[in-house]
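Colleague: Chains as they are written, first to last, in our numbering: chain A, 8 to 457; chain B, 1040 to 1526; chain C, 1391 to 1520.
Check each hint, because a few of them may be wrong.
[Said to hold, decoys possible] Just the calculated beta-carbon pair ranges, DEER-fashion: (1) B:Asp1191 with A:Asp229: 46 to 52 Å; (2) A:Ala49 with B:Asp1491: 52 to 58 Å; (3) B:Arg1089 with A:Ser207: 40 to 46 Å; (4) A:Glu293 with B:Asp1491: 47 to 53 Å; (5) B:Asp1475 with C:Lys1443: 56 to 62 Å; (6) C:Asp1396 with A:Ser207: 47 to 53 Å; (7) A:Val35 with B:Asp1201: 46 to 52 Å; (8) B:Ser1127 with A:Ala49: 24 to 30 Å; (9) A:Glu449 with B:Phe1066: 19 to 25 Å; (10) B:His1268 with C:Ala1475: 47 to 53 Å; (11) A:Ser92 with B:Gly1341: 39 to 45 Å; (12) A:Ser440 with B:Lys1356: 43 to 49 Å.
Think of the hints as simulated: they come from the structure by calculation, not from any bench.
These numbers come from a predicted model, not from an experiment.
Heads up, the beta-carbon is just placed ideally off N, CA and C, and yes, glycines get one too.
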Amino acid sequence: MFIPHTEDERKVMLETIGKTSLEELFSVVPQKYRFPNLDLPAGLTEMEALEQIQDLAQANEACDDLICFLGAGAYDHYIPAAVDSLLRRGEFFTAYTPYQPEISQGTLQAIFEYQSLIAHLTGMEVCNASHYDGATAAAEACITAFHHFQGKRKTFLLSPALHPDYRATIRTYLCGFEGTSIQGDESHQDPLSSLDNLISSIDENTALVLVQYPDFFGRIFDLASLIKKAHKTGSLVAVAVNPIALGLLKAPGDFGVDIVVGDGQPLGIPLSFGGPTLGIFATRKELIRKVSGRLVGESVDAQGRRGYVLTLTAREQHIRREKATSNICTNQGLMALAATIYLSLLGKQGLRKISELCYHKAHYAAQKIGKLKGFSVKTDTPFFNEFIVECPRSISQINNSLSDHGFLGGYDLANISPTLENHMLIAVTEKISKEMIDFFCEKLVEVSNE
Amino acid sequence: MSEATIFELSSPGRVGFQFPELDVPQFDLPKNLLRKDLDLPELSEIDVIRHFTRLSSLNYSIDKGFYPLGSCTMKYNPRINEVTSRLSGFSFSHPLQPIETVQGNLFLMFQLQEWLKEITGFKAITLQPAAGAQGEFVGCLIIRAYHQDRKDDKRKIILVPDSAHGTNPASTTMAGFEVVNIPSDKRGNVDIPALRSVCNENVAGLMLTNPNTLGLFDENILEIINIVHQAGGLVYGDGANLNALLGIVRPADLGIDVMHFNLHKTFSTPHGGGGPGSGPVGVSKELSDFLPEPLVGILEKGDEEVPPLYGFIKPPKSIGRIKSFHGHFGVLVRAFTYINMLGKDGLRKVSEYAVLNANYLMQKLKNNYTLPFDRPCMHEFVLEGVWKDIPDLHALDIAKRLMDYDFHPPTNYFPLIVKEALMIEPTETESKQTLDRFAEVMLKIADEAHNDPQLLHDAPHHTPVSRLDEVKAARDLVLCCWPVKDI
Amino acid sequence: MKIPADLKYTNTDEWVKVDGKIITIGITDYAQNHLSDLVYCGLKAEKDKLVSKGELIVEIDSVKASAEVNSPVSGKIIDTNQSLASTPEVINTDPYGNGWFYKVEISNLADLDKLMSAADYEKYCETRGN
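Using the sequences and the accompanying hints, generate a full structural model.
Modeller: Structural data, given as structure tokens:
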């Protein structure tokens, strides 16, 4: 379909290489297995393929139709039209990794701007060009800490209020690191406990303490005493953030955090069933040589013009090979570009504004829901745009009924712990109007009486 | 003239995007948790559009021209992929929605799993890994889990050929193994005696790229796999070079136990300037219990009236989760679109023409450039970018000069076993005209190298910037738009 | 390729200057040439601490490569060349002089027997080509 060769061209080319048929090109392949008969359908034209695939898309019910109160790590934010319009430029999306800087200044400068924006947003000194997502960025933070202590510290303390996918991913990633132990979030721990348990577990064996800010349940805690204790014992502290929340909240770098990770999906990246998203990874400058992933630096060319290049590449797999701190190669280039464009459009005022909208709307929803008979809001700390509601029936029943009214209900926290049966995690973004919240409350009452 | 940064373009008070006014009461903000300043740039929408449009024009891309990067498979990225992946039923679907509401997504993923199984011969597939390197890591973890499950804990070594991509040994180390390098022989195959000498009960497996990074299909592939299996090890296949094998041979048929594929190489999903990619992993029946969770499967069989219910399953001995949610769904849609359109015959044509193009180009260049391994290649080949009579001219100089002729250079300095390597992979979407033009230019550059080498040393001359000082970049680290004091 | 006759060498391209029980360690001209412009030098061993033969003591990075230096002897570190952290390029320009890494008081003189003479190191470099 995308192969331009004509019959004649094929003949001439085969002649040039001294062959008479395409089959001859594969004589090195063991004959027994050569040219298998694949049980695949025949090809389709673009029109036919599109029709089939449209049917699949239409078989879904998605947030273009449903009013979304579901968060838990992926958020239905509005994406300005300018973002996708720029991402659709072939000069961006059909380009490769910028290994030849002279003809990749577009990509390189965009990443440099991305690094700058995230460094500023998080208050950190160094930001890399991205990891796959928040969960793998968190795993890489653990690996960075492991190498920082040269393997001498083997304990990783995870808050039980860290996203379950992050905790699971960290466990998978660390299984190849001998003797390491992951603690703090075991199943017997109360997922809603305060940070005190975690703080008391920090000792000289701790390589890294990892908490989420706001946490998985939307709660915001003051991390000062945790950081103080960690630094006293010489441990590193990593914080997983929601970048939208940082429009309002203090930047983690400003209160002494060593590594910031997070998922950048809220920054102009569609939900897209969970991927591709964007792994944020930023650190203090002291950790720079242990940082994995690409880094873009500024330089000058032979004529003294400013330009950008991949730098400190000696950390990476293509040079260090088995001694590299990470194997990451392809990352999330285009998604980092989306985030850069999004933040450029919103700017100082816009990010503050969206953060406030999410905050106030969520608090309005919490206040209203808290007054409904049979429902109570369990969040008793400051929170950003997610909060916990205890419901009179199981969440799957409630959500089932809510979907008949065009709502995507909140996350069923029974998935986190049996102690949270009948508890729902509700998220509110700037896309939700007051009317939608009021209507949602009406329906909640109705479905709880069914 | 360099492009200003968004921070330099910023003008106080400008706003590029407006939100509706707050329609609910204001609640108290937790004062001690608020940030004082937020120094992001302030730009209007036209500023943003212009800035990034101008940046894009500084890039080379497949849309602009030939991009013969070996092992990257820079084939044309079909526009229809950009339409299907953006269908709102897909792009607005939340990963945690009830499965009944996303059967379209789940069917697509299930079907893609089935198609990839059929193409490669593997019995089970995970679509979760975010990229090839992550797929390799998953493969290593599966190998580890397999041996642990058999209570065989002596196997601490993975064998990696010296021609391997750097991600191979890096992934191996991350999984807790030790790397032992295996040399290649004079014909570019894995050195069999060397392999035999290290294959013992301490070897967990061999990571093999076939065709290898020299673009050569190993002439002893079955023997190599047999040697490793006899010693009780598994064979991992790096599928970066799968573009040579579609409809030609199924890697699982050859005996490979676990393999990753790069959807952003073989299956036309775009490279995006450094991702996102997708690195699904296929395994043999014996390894299918160890795949990461979640896989997509059929939860309830359908019948004539009712379609099956698709959902997520956790393999019984799963190595666990390797990232959040389900994988790069947006990328999977593109690969699905591609396979759907190409069909059985189209896929085979891909490999036939990829290999034809590479051999044709190799034939046109071999008289003017040294071919370290003079045998028919698969979808790529490697030249030495150096001539004995001009020792101070390097592959780098050839690469930079190619830019003056509006070509992206081939991969440089990889694989490490060829000195001054130029790895060339044309892909099947390039026409004979393009290949002829490229060959013409390469010959012209060979000529320039001998008669006017300064042209190469000072290249590129016609690009937005000339050679950049990489030493300065690393020594005077500037990683942000404002000074980061004393790194 | 400079190979001063009065120094000893290892097959991993370190040079050793012997002065009784005190030795000075650096990397050779061959090594710095191979690595090319150095951008980072991290001295891992601390003054007054003990070091074992084979232990990692320096990490150096250039734009295109990264290398580790392992101690050729066991002993006690008595001096470290801290200036290299801010000016790693000195290793390129003056590998045998101001590019020194450590001075070590060796604990086992027999360790010196394993080192190569300048002539042997020269031959060794020839076999490796460039």
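Colleague: Compare the structure with each hint and give your call.
Modeller: Structure-based check of each hint:
1. For Asp1191 of chain B paired with Asp229 of chain A, a C-beta distance near 50 Å keeps the hint of 46 to 52 Å intact.
2. A hinted range of 52 to 58 Å for the beta carbons of Ala49 of chain A and Asp1491 of chain B is consistent with their spacing of about 54 Å.
3. Between Arg1089 of chain B and Ser207 of chain A, the C-beta spacing of about 54 Å breaks the proposed range 40 to 46 Å.
4. Checked against the hint of 47 to 53 Å, the C-beta distance between Glu293 of chain A and Asp1491 of chain B comes to roughly 48 Å, which is consistent with it.
5. Between Asp1475 of chain B and Lys1443 of chain C the CB atoms are about 60 Å apart, so this pair conforms to the stated range of 56 to 62 Å.
6. Asp1396 of chain C and Ser207 of chain A have their C-beta atoms about 60 Å apart, which leaves the hinted 47 to 53 Å range violated.
7. Separated by about 21 Å at the C-beta atoms, Val35 of chain A and Asp1201 of chain B break the suggested range of 46 to 52 Å.
8. The hinted range of 24 to 30 Å is satisfied by Ser1127 of chain B and Ala49 of chain A, whose Cβ atoms lie roughly 29 Å apart.
9. Taking the beta carbon of each, Glu449 of chain A and Phe1066 of chain B are about 22 Å apart, inside 19 to 25 Å as hinted.
10. For His1268 of chain B and Ala1475 of chain C, the Cβ-Cβ distance of about 50 Å falls inside the hinted range of 47 to 53 Å, so the restraint holds.
11. Judged by the Cβ atoms, the range 39 to 45 Å given for Ser92 of chain A and Gly1341 of chain B holds: they are separated by roughly 41 Å.
12. Restraint check, Ser440 of chain A to Lys1356 of chain B: a C-beta distance of roughly 48 Å satisfies the suggested window 43 to 49 Å.
In terms of the numbered hints stated before, the structure departs from hints 3, 6 and 7, listed from lowest to highest.
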